[in-house]
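**Q** From first to last, the protein sequence lines are chains A and B.
Start counting at 1 in the first sequence, then tack on 5, and there's your number in this note's numbering.
Start counting at 1 in the second sequence, then tack on 202, and there's your number in this note's numbering.
Hints in this document: simulated from the structure, not taken from any laboratory.
Virtual Cβ for every residue (Gly too), placed ideally from N, Cα, C.
A few of these clues could be false.
Just a few of them, taken from the derived set where beta-carbon distance is under 8 Å, the chain B residues facing chain A [to be verified]:
id, residue
1, Gln246
2, Phe260
3, Ala261
4, Ala284
5, Asp286
6, Gly287
7, Arg314
8, Ala315
9, His316
10, Gln317
11, His322
12, Leu467
13, Gly468
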Amino acid sequence: MNAVDLLSRALRAPDAAHALSMSEWDLLLRQAHHAGLTSRLHHGLRQAGCADAIPAPARWHFEAADTLAARQQVAVRWEIEQVKKALGGAGIPLLLLKGAAYVAAGLPAAQGRLFNDLDILVPREALDAAESALMLAGWHATGLSAYDQRYYRRWMHEIPPLQHVQRATVIDVHHAILPDTARCHPDPARLRAQAVAVPDLPGVRVLCATDRILHSAAHLFHDGELPHGLRDLSDLDLLLRDAAREADFWPRLVARAAELELERSLFHALRYVRYFLATPVPDGVDAALARAAPARPVQTLLDAIFTRALAPMHPSCEDRLTPAARLAAYVRAHWLRMPPRLLLPHLFHKAFLATDTRETKAA
Amino acid sequence: MKLLQLSPAELRRQLAGPGVWLRTGPFSVRVQARIPHVAEGLAQLYGQFEVRSPHEAFADFHVSLDRPRSVRRWLRPQVNFAVDGVPPFKPLPLDQAFPMLEWGLNWCVSTRAHQYLIIHAGVVEKNGRAAILPAPPGSGKSTLTAALMLSGWRLLSDELTLIDRRTGLVHPLPRPVSLKNQSIGIIRAFSSEAFINRESRDTVKGTVAHLRPLRDSVRRQHEAARPGWVIFPRWQAGATASLIPRSKAQTFMFLAENAFNYSHLGADGFRVGSALIDQAACYDFEYGVLDDAVAQFERLAAEGVA
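Okay, chain A solo, but in the shape it has when bound (with noise of 0.2 Å):
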């Protein structure tokens, strides 16, 4: 299906560089910039004692990328100083998400990661609160319709996107990790009663590590657009191969999923994250969550959509299934993400009467 997905190929099998031809290495590189994962598979090919695998003439493309991964990390833990400066006036704890979280607790999933802006979990109670001190701060809402702007306010678990009226850093402030409309509802409060202190940031948490798991699958399985697909399937692997190192990880995993009602997102993200990129699972975690399971023509069907859909976004990787299985995805994260009542309106003022949706952010 994904015959010349190289990228996959390459993260999850870095020994199999020594025996790429150059062409291989010509579309590996480009899949990987189009994917943003560059810096991660230098990363991952370094780890493996393969560096020495990749050709002179290919070799600038990664050390290129390895200087942006490494300009945005200093970035990204300067706007973390500032966001927190912000949120402390005002009383309101700072609690990472995503990226910016793997960066400040120094988590493998840091590794060759570019970000596009910085995730932070706020109490519903404290959310006026946290716009207010980060306007103050310098961050603005961005200039999304005044629909868009109704819709992130009354559907979302997010406000819109705020951006820094300088740097131009966009920060997005949520306070749960699915819409208030989603069909499952894991709580904000469990999460944040969990989370845990960054030992070198004072005054910092992020979520706990099967919170940290469980939030990158629930995103990746209910987010319309997958730009970024194979980057946070890679995230992922990341994430539970670290976690994976302590003795009762799989099965408190298992757990949280289900106080959290992320077990089917739970399910999907080992599914996919086994095919594209072979990470370890136990035996006992597929029974365990086999409960989630979908029916199995249902699964054929999620198959061919997330074996395309999360493929690196490059034409190499696609065929002629391929837009289908996009537009699939998105229409399936969608029905997730509210009811059929409030679905069928934004649906229809995204594709016909919205301009721009693909600038402003996937809502």
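Based on these hints, arrange chain B on the given structure of chain A.
**A** Relative to chain A, chain B alone:
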């Protein structure tokens, strides 16, 4: 093999099919285009550049120029530039296809090639030393770069000064020199050796045409040079050519602000930038007549050798 060895038909065939593989400085580019002006521009200006089989396995950048499929195709035809399928810019009028290829290639290098500190500056070389000419648009930087190339200096680049982060040397990226408005006529009049291609009018920069790099500059496109001078040219009607020493600190600040990727490089950008400034003499340079300017540069180049 050189691009001029491809017959016009073969060049068009490769452009329309697998693409033309060509090398410019440290980079290899695969260009695909079904637009006659692009084939014409390449044939006229890139003749001395190395090409390989269209099936060469590896290229740093895969770029294409296409006419968008829309009604405009018939009304006001446009051209789209894409890097591996992704267009970084909005389409332009079809007449600007060749300048768009040049701007697009500059974009590829300046957004990707972070193994260099990339300064927005023209750069030429004589006796192993490079004169870096950074300046705001409209200061006559490209005109002076072009005149120096046509007077025996080696063209390293008219837009992108690549400073190798490991060695501090300037790496050549000799490509056609972009000339705007009056500069086109001035350079035509300056030297009978100047070959300038067709003009594209009404671009964002006014009328634009490109000057073919001389054979020697292209032949030596892998020969790096030591930074010798940083000179800020300013054309002023009636001014006598004069070099005025300039503060190194100020020069550094200007270079940092006018580098495409200074902020991406972090502390290393500072290190590379200050090493550059340490070994280069810094001047402001005012001139009114191109011949006087070239003579002044000759004296400068001779000083170091003696």
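**Q** Closer than 8 Å between Cβ atoms is the bar; does Gly287(B) clear it against chain A? Give me holds or violated.
**A** This hint holds: Gly287(B) lies near chain A, its Cβ roughly 6 Å from the closest one there, short of 8 Å.
**Q** Does the CB of Arg314(B) sit less than 8 Å away from some CB of chain A?
**A** holds (6 Å)
**Q** Going by Cβ atoms only, is Ala261(B) closer than 8 Å to chain A?
**A** Constraint on Ala261(B) satisfied, holds at 6 Å.
**Q** Does His322(B) pass the interface hint, meaning its C-beta sits closer than 8 Å to a C-beta of chain A?
**A** Since chain A brings no Cβ nearer than about 18 Å to His322(B), farther than 8 Å, the hint is violated.
**Q** Do the numbers back the hint for His316(B), that is, is its least Cβ distance to chain A under 8 Å?
**A** Where the cut-off is 8 Å and the nearest Cβ of chain A is about 4 Å from His316(B), the hint holds.
**Q** Is the interface hint satisfied for Gln317(B)? The criterion is a beta-carbon contact with chain A at less than 8 Å.
**A** holds (5 Å)
**Q** Close enough to count: is the Cβ of Gln246(B) nearer than 8 Å to one in chain A?
**A** violated (28 Å)
**Q** The hint names Gly468(B) as touching chain A; please verify it with the least Cβ-Cβ distance against 8 Å.
**A** This hint holds: Gly468(B) lies near chain A, its Cβ roughly 5 Å from the closest one there, short of 8 Å.
**Q** Does the nearest C-beta of chain A fall within a distance shorter than 8 Å of the C-beta of Phe260(B)?
**A** Constraint on Phe260(B) satisfied, holds at 5 Å.
**Q** With a cut-off of 8 Å, does the beta carbon of Ala315(B) approach a beta carbon of chain A closely enough for the hint to hold?
**A** holds (6 Å)
**Q** May I ask you to test the interface hint for Asp286(B) with respect to chain A, counting a Cβ-Cβ separation under 8 Å as satisfied?
**A** holds (5 Å)
**Q** With a cut-off of 8 Å on the beta carbons, see whether Ala284(B) makes it to chain A.
**A** Hint on Ala284(B): violated, closest Cβ of chain A at ~11 Å, above 8 Å.
This entry does not satisfy hints 1, 4 and 11, going by the numbered hints stated previously.
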